[in-house]
Structure formats: C-alpha cells, structure tokens
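2 protein chains.
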Amino acid sequence: MKRFILYSDLKPEKVQDYIDLHANPWPELIELIGRCNIHNYSISLRGTQLYTYYEYTGDDYEADMAVMDNSPVMHRWWTYSKPCFVGHDRGEYYEDLTEVFYCP
Amino acid sequence: MKRFILYSDLKPEKVQDYIDLHANPWPELIELIGRCNIHNYSISLRGTQLYTYYEYTGDDYEADMAVMDNSPVMHRWWTYSKPCFVGHDRGEYYEDLTEVFYCP
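Going down the list, the protein sequences come from chains A and B. The first sequence begins at 6 in the working numbering and counts up one residue at a time. The second sequence begins at 6 in the working numbering and counts up one residue at a time.
Since the hints were derived computationally from the structure, they do not count as laboratory data. In this text the structure is predicted, and so the values were computed from the model without any measurement. Just to be clear, a hint being listed does not mean it is correct.
The list that follows gives simulated cross-link-like pairs (lysine-lysine, BS3-like), each with its CA atoms no further than 30 angstroms apart [said to hold, decoys possible]:
| # | chain 1 | residue 1 | chain 2 | residue 2 |
| --- | --- | --- | --- | --- |
| 1 | B | K19 | B | K87 |
| 2 | A | K87 | A | K7 |
| 3 | B | K7 | A | K7 |
| 4 | B | K16 | A | K87 |
| 5 | B | K16 | A | K16 |
| 6 | A | K19 | B | K7 |
The calculated label-pair distances, taken between Cβ atoms and stated as ranges, are [said to hold, decoys possible]:
| # | chain 1 | residue 1 | chain 2 | residue 2 | range |
| --- | --- | --- | --- | --- | --- |
| 7 | B | E60 | A | W31 | 32 to 38 angstroms |
| 8 | B | R8 | A | K16 | 22 to 28 angstroms |
| 9 | A | W83 | B | D64 | 38 to 44 angstroms |
| 10 | B | V91 | A | G92 | 34 to 40 angstroms |
Cβ coordinates follow ideal geometry from the N, Cα and C atoms, glycine included.
Isolated chain A, as found in the complex (with noise of 0.2 angstroms):
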C-alpha cells in the first residue's frame, strides 16, 4: 500500500461550489476510484486550502491512472472539479506533501 499526500489552494470563490460537488459524488466516480486501486480516499478542506489523502492498494500506478484519466466518467467530473482549482491541470494545483512522519 502506497499513500499519497497532496495539497492544493481552491479558489476563494469556488469553495461552496466544491464542497457541494464533493458531498454527492456520483455512484460511476466512486465505483472507477475503487476499480483503479485507490482507497481511503479522504479530502479535508481549511479554509481555502485542501489536503487529499488516498492509499494506492494495486501493482501499476501508472497504469490505473491512465484508466482514470481516460474515463469520460472522469472527464465529466474534472469540467465541475477543475474550475474549483487554483491552477490549471493537476500536475499544477496538486502538490505532494514530504510525509515526516509513518506508524501503521
């Protein structure tokens, strides 16, 4: 199990917007994020700030990503999800935290 850590600024003026996006996710996100490996997948907001936790349980990262990266499930999703962003694509609005820290 791989744990990611991720951090990302919304904008001031799309909060509500993602945290009623994020309180009903759809049934098809949900059940694709568990076909791709990833669980525990928690997302804490302060403020405007998000912080995203989710463990990577499968053999192929890269793999399941490109899955998820190329569902129209996904892509249906990112034109609410992304506008909420600081930043353009994931690459520039998520940032990987340095974990200081481990006890399982």
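Got chain A; can you put chain B on it based on the hints?
What follows is chain B alone, placed relative to chain A:
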C-alpha cells in the same frame, strides 16, 4: 474506524527539530500508539504547515487517549515535540479539519 485529520503550525525555527525527532521515533512510542488503537498515523509537512492523519480502531477513544496522555513515554516525547508547535497545548495547536469527501 474513525479518521482524524488535524492541522497545526510549526515554529519556523523548529521545523528541522521536528523532522529530526520524527525521523527516528522511539520504539516504545510506536508501541504505545498501536496499543491505544491508533493506526495508519501519517504526518506530512508543507513549509511550517503540518497535516496529521490517523485512524482510531478501538471503541473508547477517551479512555485510550487518557492512557496515551498519562504515559511517561508520551510525556518524555512531548518535552521534545511540544516546543516545535505554535501554541502551548494540543487543544491549542491542533485544529480539526473538515472532511468534504470520503471514498472507502
């Protein structure tokens, strides 16, 4: 299982001390954490911003926290860790984050 996601600020001049302290945690501290039903405990850093994630798997959080808080090991650990935080006590320096999305 209940997730806890916390935010806190480190004093800029204490960031390296905090990193060094957590790079080699004492085995008796790790044992204590597990015994108190805290698992998957991950601390990540972004500048002076600290994000703490852990899961509680027991059935009496207050009682387990009391064991932890009254342990001599923890008190010894705090003599090193507490001075790194902005704020004096855990209630003061830990801020609960709002979880806006969860996917198991």
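Hints versus structure:
1. B:K19 with B:K87: 10 angstroms, holds
2. A:K87 with A:K7: 25 angstroms, holds
3. B:K7 with A:K7: Cα-Cα ~20 angstroms, so holds.
4. B:K16 with A:K87: Violated, at roughly 33 angstroms.
5. B:K16 with A:K16: Roughly 27 angstroms between the alpha carbons, so the hint for K16 (chain B) and K16 (chain A) holds.
6. A:K19 with B:K7: 28 angstroms, holds
7. B:E60 with A:W31: 32 to 38 angstroms: 26 angstroms, violated
8. B:R8 with A:K16: 22 to 28 angstroms: 26 angstroms, holds
9. A:W83 with B:D64: 38 to 44 angstroms: Roughly 40 angstroms apart at Cβ, these two residues keep to the hinted range, so it holds.
10. B:V91 with A:G92: 34 to 40 angstroms: 28 angstroms, violated
Hint check: violations occur at hints 4, 7 and 10; the rest are consistent with the structure.
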